[in-house]
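Protein chains in written order, with my numbering: chain A, 1 to 481; chain B, 1 to 456.
No lab work stands behind these hints, which were simulated from the structure alone.
Among these hints, one or two may not hold up.
Below 25 Å or equal to it, Euclidean Cα-Cα: the simulated DMTMM-like pairs (lysine to aspartate or glutamate) are [unchecked claim]:
| # | chain 1 | residue 1 | chain 2 | residue 2 |
| --- | --- | --- | --- | --- |
| 1 | B | 257 | A | 36 |
| 2 | A | 277 | A | 79 |
| 3 | A | 74 | B | 84 |
| 4 | B | 57 | A | 160 |
| 5 | B | 174 | B | 54 |
| 6 | A | 346 | B | 54 |
| 7 | B | 404 | A | 27 |
| 8 | A | 384 | B | 168 |
| 9 | A | 384 | B | 299 |
| 10 | A | 377 | B | 54 |
| 11 | B | 346 | B | 390 |
| 12 | B | 185 | B | 168 |
| 13 | A | 61 | A | 36 |
| 14 | B | 52 | B | 30 |
| 15 | A | 265 | A | 467 |
| 16 | B | 257 | B | 186 |
Computed footprint of chain A on chain B, listed as stretches where at least three residues anywhere in the stretch have a Cβ under 8 Å from a Cβ of chain A [claimed, not checked]:
| # | region |
| --- | --- |
| 17 | 339-348 |
| 18 | 358-369 |
| 19 | 384-392 |
C-beta atoms are modelled at their ideal positions from N, C-alpha and C, and glycine is treated no differently.
Letter by letter, the chains look like this.
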Amino acid sequence: MTEQDKILDTVTKQEYKYGFVTDIESDTIEKGLNEEVVRLISAKKQEPQWLLDFRLKAYRKWLEMKSPNWAYLKIPSIDFQDIIYYSAPKQKKQLNSLDEVDPELLETFNKLGIPLEEQKHLAGVAVDAVMDSVSVKTTFKETLAERGIIFCSFSEAVREYPDLVKKYLGNAVPYADNYFAALNSAVFSDGSFCYIPKGVRCPMELSTYFRINAANTGQFERTLIVADDDSYVSYLEGCTAPQRDENQLHAAVVEIIALERAEVKYSTVQNWYPGDKNGKGGIYNFVTKRGICRGDFSKISWTQVETGSAITWKYPSCVMLGDHSTGEFYSVALTNNHQQADTGTKMIHIGKNTRSLIVSKGISAGVSNNSYRGLVKVASRADKARNFSQCDSLLLGDKCGAHTFPYIECSNKTAILEHEATTSKISEDQIFYCNQRGIGTEDAIGMIVNGYAREVLNKLPMEFAVEAQKLLQISLEGSVG
Amino acid sequence: MIETIKYTATEELADLFTQNREIYNEGCPDFMNRKRSEALDKFVKTGIPSRKNENYKYTDLRPVFQNDFTVLPRYVQQQIDLHELFHCDVPQLNTHLVLLINGWYYGHNRKIGQLPNGVVLGSLNHVCREHPHLIEKAYNQLAGISDDPIANLNTTMAKDGLFLYVPDDVKIDKPIQIVNLLYAKENTFAVQRNMFVLGKNSEATIVFCDHTLNHNYYILNNLSECFLEEDSKFNFYAVQNMHNGAVNNTHFFADLKERSTLHTNTLTLNGGLVRNNINVKLNGEYAHADLNGLTLADEKQHIDNFITIDHRVPNCTSNQLYKNILDNKASGAFSGRIHVLRDAQKTEAYQRNNNVLLSETAEMNTKPQLIIDADDVRCSHGATVGRIDEDALFYLRTRGIGEKEARLMIMFAFADEVLSQVNIKVLRQRLEELVNRRLRGELGPCQTCSFNFRKP
């Protein structure tokens, strides 16, 4: 075995450290999907009629739609009747303090390193933890409430702030947007809701942790963030799942609405179970994320570190409706073994003087395929729109693939759009330079890859940046010699 | 109650072919006729492409086929001498001149000048009968694997076009100029099929000109297959100059063996709807492909360049440079796909697409793509859409150059990067002049020939 193979071998044998299952009693419904299931989910959650109607509309639309096949992915056919659409950790009564939370559940989140406990106050992160699509605990609620910030589970928001939810639900991602968004709209079980009132700067990072626990379930959560005029919020999302042989489906929707001068920063570290080294198991991650810069001078920024999932199909997008609004997309996508990722963004310039920036760094190793797919569209009235896109791919090993599919559509002569893409591997010169200075090959590669991804990692909030850097290092240290 | 049967253009074309199959088969060798059914099936399966077809995302061909037109499954003898009607307006362009009319080899071509021994240049249909061995093996080998409906439609209906064979170690110094004329009494759908075979260590240059000689509505479906053997060199210049009501749909397939070099230059000066498909397969090590294109479009013209380059073996290089200048309501599209297959190591592939929009209503859509399945490669692509650089303009103005003139200079410099790749001096000079005039808004396209109208 050559040195390179050995190193690759260690990388591929890297255990997925979040692959445990928590033994928690859960309330699940029968497998399968039909109109009754949609009604049942809605009934279980005691939802108002308008939300049931929304679900049913989406479900009927979904029946007419076809699974998208345009991505550069090999998607095995998914049996939608073989999935459990509702699974909730059993809750006997309303929870008031952490002591009442199922200790098993707490243990789960402890293992994940989520600062759920009060002792982690200092971490200064408000967390809404979602397990099998049901929100189990939201911390710091009172602190946030003082400033008028609403941060709670989606179901709670439907109960307590129906007007807000009704007003903004489906605004950025309509129920008929695409196949998986329609499915989510029909069967979503929970998620997070966040509202930042006018002029409020959210004092801490808001965070959601998603976990799939029960077998055979799909996770369909829905996040809705509304930032009112002059407000600011930074929002984090993390995801893990147990190690299982079968594939599990995750079809989430995230909607962001930014009003006048509001700014929303949304960061994701996606680390769903990627499957074993032979490509068995793993999460199918089909996510629709879209933000609308509705107000003038508003800004939405997406940052993502994608290291998990067997299949990733995800295009966080910005629609820049307001004049002078800004959209940003920073992404590091890493694929190893048999993972496949087709991810990117859409930047739709509609308002005048809108600006967007795309920085995408793809890293592929093993026999994986990693694609960037992006659209930059300038409408005819988007005078002086400006975009710069940079998509770099790094190949580690000669069996993987890195692909770039940018689309640029411009109908305004004052717009300036630039796109650049390069594909390369770590050069022997770079390694040699480091070796010469006494840095071992493995460390050198770790350094180079981290340097390569730094531009994006820098955009992550502190807590996440550390985690993301570790994630990259774990999977990549020395995967080429 | 009258039951109406709604026919789509796809069905109409398929029926038209099936009903006249005998005529299409007539005078063609078996190997050509055998390909027709399979191609027809593929064509019907995909149908005339609309925007729903990812490859035609920016070019909808359905409206194009909605007009009535006639087809020409048999050669129609022209009443007038085309040599009298058409004069190439590039002075001193010393070429072997060949005329084609509505996709057919012109029956009264003047004698082609002295060609080196063994070179075969002439009608595809004729060569099929005289030297079938030159064509049989290769015919439809490249186009046949394409699932492009328009390419398959070509294979279904093709009967004639141009054929060139250059034997091993032969170099043709003088360029061969092929002039495709469209001239019929009625609106016409013309099909043309060409084949270029370059033997080992051979060399040839082709100048391919498209012209319309009257204002009728034309659709030209022009397909070329090109085979480059080891160490051969092929230059292919396409100068497209058709009126604004004409539709030009070209396919250029090339297969490159070891150390061969392909150089193409597609200059679209005029045309209603132009779609150029170029598909290059680098099948031999150290082969090189250089693809350039320049488009000047205005009014409601639509120009789409669709390029795919497959790096199938190691050590090949390719380069793409496409530029578009779009004015009025013109729309442009570019798609360049570089596909580096597994183990095609040491590939170098570059691609650049720069576009300038001159009006509020012009539109540009571009999708430069990279599909990389090997790690030791150098690949990059860049695409820009923008307007004239204000700083450059300011610089020129500070030097006392008027704004209008300065703009023209910048535009010309932008276009010249592609034009300077044209290696035939007189042609380059003439093209530069044409582009210059075109940018000035003067009656650009081939002024001296009275038969090239801007407006239908």
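Q) Regarding the pair residue 57 of chain B and residue 160 of chain A, is the alpha-carbon distance no greater than 25 Å? A) This hinted pair is violated, its Cα atoms lying about 46 Å apart.
Q: With a cut-off of 25 Å on the C-alpha distance, tell me whether residue 277 of chain A and residue 79 of chain A pass.
A: 24 Å, holds
Q) Is the hinted pair residue 257 of chain B and residue 186 of chain B satisfied, with a Cα-Cα distance of at most 25 Å? A) Violated, at about 43 Å.
Q | Verdict on chain A covering the region 339-348 of chain B, criterion of 3 CB contacts below 8 Å | A | holds (count 3)
Q | Residues of the region 384-392 of chain B with Cβ under 8 Å from chain A, three needed, outcome | A | holds (count 4)
**Q.** Hinted pair residue 74 of chain A and residue 84 of chain B, Cα distance within 25 Å
**A.** With Cα atoms ~59 Å apart, residue 74 of chain A and residue 84 of chain B exceed 25 Å; violated.
**Q.** 25 Å limit on alpha-carbon distance, applied to hinted pair residue 257 of chain B and residue 36 of chain A
**A.** 62 Å, violated
(Q) Checking one constraint from the list: CA of residue 384 of chain A to CA of residue 168 of chain B, max 25 Å. Satisfied? (A) 56 Å, violated
Q: Mind checking the alpha carbons of residue 346 of chain A and residue 54 of chain B for me, to see if they're no more than 25 Å apart?
A: 17 Å, holds
Q | Given pair status - residue 27 of chain A, residue 404 of chain B, alpha carbons within 25 Å | A | The given pair, whose Cα atoms are some 75 Å apart, is violated under the 25 Å limit.
Q.
So if I understand the rule, the pair passes when the alpha-carbon distance is 25 Å or less; does residue 61 of chain A with residue 36 of chain A pass?
A. This hinted pair holds, its Cα atoms lying about 16 Å apart.
Q. Is residue 377 of chain A close enough to residue 54 of chain B, meaning Cα to Cα at most 25 Å?
A. 17 Å, holds
Checked against the numbered hints above, the structure violates hints 1, 3, 4, 5, 7, 8, 11, 12, 14 and 16; every other hint is satisfied.
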